[in-house]
Amino acid sequence: MLEILGTIGFDYRVAIANLVSFLIIYFILKKWVFGPMKKIIDDRRSMIQQGIDKAQQSETELLVAQQQAEEALKQARAEANGIVASAKETADDQLAHAKKKAQEEADAIVAKADVQIEKNKTQMEKELFEKTAGLVAMGVQKILEEDVDTKRNAEVSKRALELLKNQ
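Each residue of the sequence shown is one higher than the one before, counting from 4 in the working numbering.
What the hints contain is simulated information worked out from the structure, not anything from laboratory work.
Careful: at least some of the hints might be erroneous.
Claimed, not checked - In silico DSS-like links for lysine-lysine, alpha-carbon gap of 27 Å or less:
1) Lys124 with Lys103
2) Lys91 with Lys129
3) Lys134 with Lys145
4) Lys145 with Lys122
5) Lys91 with Lys103
6) Lys91 with Lys77
7) Lys115 with Lys104
8) Lys134 with Lys124
9) Lys168 with Lys122
10) Lys122 with Lys77
11) Lys102 with Lys115
12) Lys124 with Lys145
13) Lys115 with Lys103
14) Lys145 with Lys161
15) Lys134 with Lys102
16) Lys102 with Lys124
17) Lys33 with Lys57
18) Lys57 with Lys41
19) Lys77 with Lys129
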């Protein structure tokens, strides 16, 4: 069999030498190349997995932050709406108070004017009655053609005024 293999160019000594060389190279590569290379690949795989985990964690944190931001915006809007409503209510109250105060002042001015008008009316009526009494006394004096004394003049004037008031 060795002869047959020899005819095709196979030499068992070379094959054994090649096998020994292969095993030596394999063990050398395994110890100094494949081991560190496997470690480097495992380290890289670990780093990649950590990166993926961090990316997922960051994505989760981003979603949480977005939800918190939306909640903060909702709360801020609610507070702003509350402040606006409160300000509107305060403004409405102040407007109502100002209107009420203005109405009270207007009513006071009208009441004061009414009092003044009534006072002026009374004063004018008094003056009118006094002048009328004087005119009546003069008319009576002319009618009677006599000089009526002051006391009698006042009595006649008073009666004439009472007659005028009753009519």
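Worksheet entry | Structure versus earlier hints, numbers of those that do not hold, lowest first | 1, 2, 4, 10, 12, 15, 16, 17 and 19
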